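K.L.:
This is what each chain is made of:
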Amino acid sequence: MFGRARGTSAQLALMDALMFFTAAMVISAVLSGYVGRGPAAAGPVAGSSDAEDILRVFLRASLGTKVTIGWPHEVILSGAESVGECLASEASALCAGCPSAAFGELNACLLSAAKNLTGPRFCPYILVFESERNSTSPCIALPEVPTADKNLLAGSALLPAIDGLEFVVVLVLYPAASLELVPV
Amino acid sequence: MKADEQAVAGFFEDLPVLALILAGVALLLATGAAVAGRLDAARAHDDLEALAHEFLLGIIVQVGNPENPHILPMLDRVLAVDIRDAPGGLSGYMMSMTLRHPSVQLLRTEATGVPPSSITGYDSALLNAVDDRGFVVILEVRVVVW
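The listed protein sequences correspond, in order, to chains A and B.
Taken in order, the first sequence gives residues 1 to 184; the numbers are from my numbering.
Taken in order, the second sequence gives residues 1 to 146; the numbers are from my numbering.
By construction, these hints were calculated from the structure, which means they are not laboratory data.
A couple of the hints might just be wrong.
Simulated restraints on C-beta separations [as the list claims (entries may be wrong)]: (1) A/Pro175 - B/Gln105: 19 to 29 Å; (2) A/Ala96 - B/Ser118: 17 to 27 Å; (3) A/Pro143 - B/Ala30: 16 to 26 Å; (4) B/Ser124 - A/Glu81: 25 to 35 Å; (5) B/Gly32 - A/Thr136: 21 to 31 Å; (6) A/Ala80 - B/Leu106: 16 to 26 Å; (7) A/Cys98 - B/Asp131: 27 to 37 Å; (8) B/Ser103 - A/Ala161: 53 to 63 Å.
Some but not every residue of chain A turned toward chain B, in silico, with C-beta under 10 Å [claimed, not checked]: (9) Val35; (10) Gly36; (11) Ile76.
Fair warning: this is a prediction, and the values are worked out from it, not measured in the lab.
In this text, a Cβ means the ideal position worked out from N, Cα and C, and glycines have one as well.
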């Protein structure tokens with residue numbers, strides 16, 4: 001009788017000890033997992049406020065190089081013109097019916113400057129919308145309209161008004177890791 | 001050894017129970033120590049990030065025109081800024097100024113103190129300046145502190 005009681009008690013004690021050990025393992029795993037998500041894995045380094053900061057300095061900057069525009073006749077920009085003024089003038093001209101090919105050199109210069117600012121982590125897209133028309137199609141899309149992505153960042157600003165037209169420029173930063181590598 | 005009828009189940013039967021309990025306690029203590037270490041490191045990193053931000057703000061305020069913030073500073077003045085007034089509590093820092101537009105060019109670097117061995121704080125900012133041609137350029141100022 002005593003042997004049987006001792007065996008039962010031993011099994012109960014062993015079960016209690018096992019439960020305690022299992023609870024300790026679960027608590028340790030939860031604590032380790034919670035603290036393991038530290039600042040290094042907190043999320044993207046840049047935020048939308050960074051996109052707005054980049055856009056703000058970008059619009060104030062000068063073109064920095066001579067650019068030729070082919071409309072209405074050949075015009076050579078000295079490079080002292082600000083990026084914001086150039087974008088506003090281009091948007092106004094495109095809305096007036098100017099062909100987009102006339103601004104090819106200017107667009108290449110602007111896109112190159114934006115890429116130098118954002119570095120290899122992001123691919124920049126520059127979109128310009130006419131503010132009064134509330135259209136979802138941009139007047140200018142450099143290099144093209146980006147596809148939707150939950151990780152993209154964006155900032156917007158108002159461009160100088162030209163001929164009574166107001167435009168809004170949006171800088172979209174597309175994470176470079178999200179882009180698919182297309183074999184050439 | 002004679003089994004003790006007064007005990008739960010005897011000495012040898014109690015050994016696994018004792019081992020499991022000791023292992024559980026040791027596991028909790030080790031996890032607690034590891035978590036405390038990680039939280040300390042995270043707090044130290046946040047403090048360094050705040051110091052880096054304060055350091056960078058000090059540089060930007062120095063080069064700017066507080067009376068009229070819309071007037072852009074000259075590029076020469078930005079490159080000649082004195083950065084000896086780093087926030088207290090730092091072992092060392094590194095600062096760099098890079099031209100981002102119209103060309104990419106490293107213009108100035110400064111470093112002081114023993115090179116970092118573990119945690120560092122980082123901050124960067126873009127700002128406009130006027131070069132000698134009268135063009136508005138874009139500079140990136142980066143600081144790393146430890």
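K.L.:
What are the numbers of the hints the structure violates, in ascending order?
P.N.:
2, 3, 5, 8, 11
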